[in-house]
Amino acid sequence: MYLTSEEERIYDGEYGWARQASMKILVRLGDLFGATQLEPIESAHISGVSYKTMGDASLDFLNALASEGGKTQVISTLNPAGFDPEYLANRFPEEYREKQLRIIDLYETMGIQPTLTCTPYYLRKPQLSGHLAWAESSAVVYANSILGSWTNREGSPSSLAAALVGKVPNYGMHQAENRQPSLLIKVEANLANKTEFGALGIYAGKLLKDRIPIFGGLSNYVNDDLKQLAAGLASSGMTSMFYYSVPCEKGGLETVSVETKDIKDTVEGLSTASEVPDLIFIGCPHCSLNELQSIAETVEGGKVKRGIELWVCTPRHLKQKAANYVNIIEKAGGHVLCDTCAIVTWIKNLGVNTMMTNSAKAAYYAPTLNEVSVTLAPLSKCVEAACH
Amino acid sequence: MPLEIKTLKGRRVVPGRRRGLALVSMRPISFLGGVDPNSGVIIERGHDLKGKNVKETILCFPYGHGSTVGSYVLYSLAKKGLGPKAIINQTADPVVVVGAIIAEIPMIDQVDIQQIMMGDDVEVDCDKGLVKIVREGKSKPCI
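Chains as they are written, first to last, in the numbering used here: chain A, 1 to 388; chain G, 1001 to 1143.
The hints are simulated quantities; they were obtained by calculation from the structure and are not laboratory data.
Treat the hints loosely; a few may be bogus.
[Stated by the list, open to error] Only pairs whose alpha carbons sit at most 16 angstroms apart, straight line, appear in this in silico EDC-like list of lysine to aspartate or glutamate: (1) G:Lys-1050 with A:Glu-14; (2) G:Lys-1080 with A:Asp-56; (3) A:Lys-331 with A:Glu-371; (4) G:Lys-1009 with G:Glu-1104; (5) G:Lys-1080 with A:Asp-60; (6) G:Lys-1080 with G:Glu-1056; (7) G:Lys-1085 with G:Asp-1127; (8) A:Lys-24 with A:Glu-6; (9) A:Lys-381 with A:Glu-254; (10) G:Lys-1079 with A:Asp-56; (11) G:Lys-1132 with G:Asp-1121; (12) A:Lys-125 with A:Asp-278; (13) G:Lys-1052 with G:Asp-1036; (14) G:Lys-1079 with A:Asp-60; (15) A:Lys-24 with G:Glu-1056; (16) A:Lys-381 with A:Glu-275; (17) A:Lys-206 with G:Asp-1048; (18) G:Lys-1050 with G:Asp-1036; (19) A:Lys-24 with A:Glu-14; (20) A:Lys-303 with A:Glu-384; (21) G:Lys-1132 with G:Asp-1112.
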């Protein structure tokens, strides 16, 4: 991989250990995956924030970079943390709180904005064809597919390395020829809600490996539906992009069909619970303004039952913007949470044994990451279960 | 019993040489949510390696999937002495690769892992991109 003389000086340590270590990670990735040079990036989005998912060893890694003077060179945002300051912070052991705040503090020391959301594109929409170094797999697929930006599915440490250098090696999704579809997925099922879009993602992710699909036959969708599809795909597979309209008759592509039964089986397969839920979680990935509106409309006039919690997770700036919807949800007894979500907080410590969600991604991870059983169902059913 | 030795070729991802027993799956692994960071045991629902421990194995799987935090899980496992001795993939993905880089776990990819059987004594030379399998005779079919 070609390095400019400036990049070589970073590699040789002239700008300190943090940038040198970051550059070494990027060069090794670039050499391995066939990059020709480093590409300047518009922004970095960094995963690996919740102390629950990161653990102590990774904290040491962050500490080393921050204490050696690592500073981000581009706009950099952060994924959700293990709790929000308002509702959850005081419900966990002191150690969890201290370590979580320490992690956020280390990132802030490096100049990274504590946005604490998995949907950074609601805060700031990246440019068409702009190069990014984003981790958070659902945001990667969303950025490549819906926003038309160019990013690989960075691991947490490489997204951070890219932020500290301000560049990424230009392999994979940074090359036009690698952004071509190689499989047509004919969706014969009529997807009725976001849960089914997410289930389509989980189903397709398993058979795709790293191939880029075109989903043919989707209709009446909005970006929030595609967000669920992106999140599902990224959970079960390593795909970084999909197409969702067939621009012209694309001949010669291998074709597979997805039937109604496949979607139904996927939703059922992701549901492990038979009990009544303790927690109903909406907002994986974090809710958009439109989603907050439709949740408010669905819960309006209802009251969350005793013994059940209803969580709606969204980015902080959207909670502020959507004060009316937030009031309706909270008046019904729901909680609109920022900075976190049910997957990256310690719901088991809160006494949750059974979670209900409308998100296929959340249902995919919760049984192992949170040790809870799960019911996956559309928003209307979730609200029905939550409220009188 | 006669010794059967088979050599497979691959591509160096992270340098190093290790020898150990193979833990093999043809299913992808997500380190976040798929492997218990406190024990190294695979916990992914429906995974054919569920209940098996990755600790000190030569871990063979086709590719990584899922959360990008998987890199840190791999790093944490290694720092606690619970990581695999080496990783063999068919197609390396950036999440597993960067985890292996910072954890300094030798790794090789572009290997036909179908040729490796569970429990094989495997010597991985990631520098040269070689996997040597030492096997006592042919494994007998189950009756």
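To see whether the hints hold, each was checked on the structure:
1. A distance of roughly 46 angstroms separates the Cα atoms of Lys-1050 of chain G and Glu-14 of chain A; the hinted pair therefore is violated under the 16 angstroms criterion.
2. Among the hinted pairs, Lys-1080 of chain G with Asp-56 of chain A is consistent with the structure: their alpha-carbon atoms are about 10 angstroms apart, no more than 16 angstroms.
3. For the hint pairing Lys-331 of chain A with Glu-371 of chain A, the CA-to-CA distance comes to about 30 angstroms; that exceeds 16 angstroms, so the pair is violated.
4. Proximity of Lys-1009 of chain G to Glu-1104 of chain G is assessed by CA-CA distance (about 21 angstroms); at most 16 angstroms being required, the pair is judged violated.
5. Between Lys-1080 of chain G and Asp-60 of chain A the CA atoms are separated by roughly 13 angstroms; this keeps the pair inside 16 angstroms, and the hint holds.
6. A C-alpha spacing of about 12 angstroms is found between Lys-1080 of chain G and Glu-1056 of chain G, which places the hinted pair at or below 16 angstroms, so the restraint holds.
7. For the hint linking Lys-1085 of chain G to Asp-1127 of chain G, the alpha-carbon distance of about 15 angstroms falls within 16 angstroms, and the restraint holds.
8. Restraint check for Lys-24 of chain A and Glu-6 of chain A: satisfied, since their Cα atoms lie roughly 14 angstroms apart, inside the 16 angstroms limit.
9. Of the supplied pair hints, the one linking Lys-381 of chain A and Glu-254 of chain A is violated, its CA atoms being roughly 37 angstroms apart against a limit of 16 angstroms.
10. A C-alpha spacing of about 10 angstroms is found between Lys-1079 of chain G and Asp-56 of chain A, which places the hinted pair at or below 16 angstroms, so the restraint holds.
11. With a C-alpha separation of about 8 angstroms, the suggested pairing of Lys-1132 of chain G with Asp-1121 of chain G holds against the 16 angstroms cut-off.
12. As the CA atoms of Lys-125 of chain A and Asp-278 of chain A are separated by approximately 36 angstroms, the hinted pair breaks the 16 angstroms bound.
13. As the CA atoms of Lys-1052 of chain G and Asp-1036 of chain G are separated by approximately 11 angstroms, the hinted pair is consistent with the 16 angstroms bound.
14. Of the supplied pair hints, the one linking Lys-1079 of chain G and Asp-60 of chain A holds, its CA atoms being roughly 10 angstroms apart against a limit of 16 angstroms.
15. Distance check on the hinted pair: Lys-24 of chain A and Glu-1056 of chain G sit about 26 angstroms apart at the alpha-carbon level, beyond 16 angstroms; violated.
16. Among the hinted pairs, Lys-381 of chain A with Glu-275 of chain A is consistent with the structure: their alpha-carbon atoms are about 15 angstroms apart, no more than 16 angstroms.
17. Restraint check for Lys-206 of chain A and Asp-1048 of chain G: the C-alpha separation of about 15 angstroms stays at or below 16 angstroms, so the hint holds.
18. For a cut-off of 16 angstroms, the pair hint linking Lys-1050 of chain G to Asp-1036 of chain G stands: about 11 angstroms separates their Cα positions.
19. Distance restraint check for Lys-24 of chain A and Glu-14 of chain A: the Cα-Cα separation of roughly 13 angstroms lies within the 16 angstroms cut-off, and the hinted pair is therefore satisfied.
20. Distance restraint check for Lys-303 of chain A and Glu-384 of chain A: the Cα-Cα separation of roughly 10 angstroms lies within the 16 angstroms cut-off, and the hinted pair is therefore satisfied.
21. For the proposed pair Lys-1132 of chain G and Asp-1112 of chain G, the alpha carbon gap of about 12 angstroms is at most 16 angstroms, so the pair holds.
Hint compliance for this structure: hints 1, 3, 4, 9, 12, 15 are broken, all remaining hints hold.
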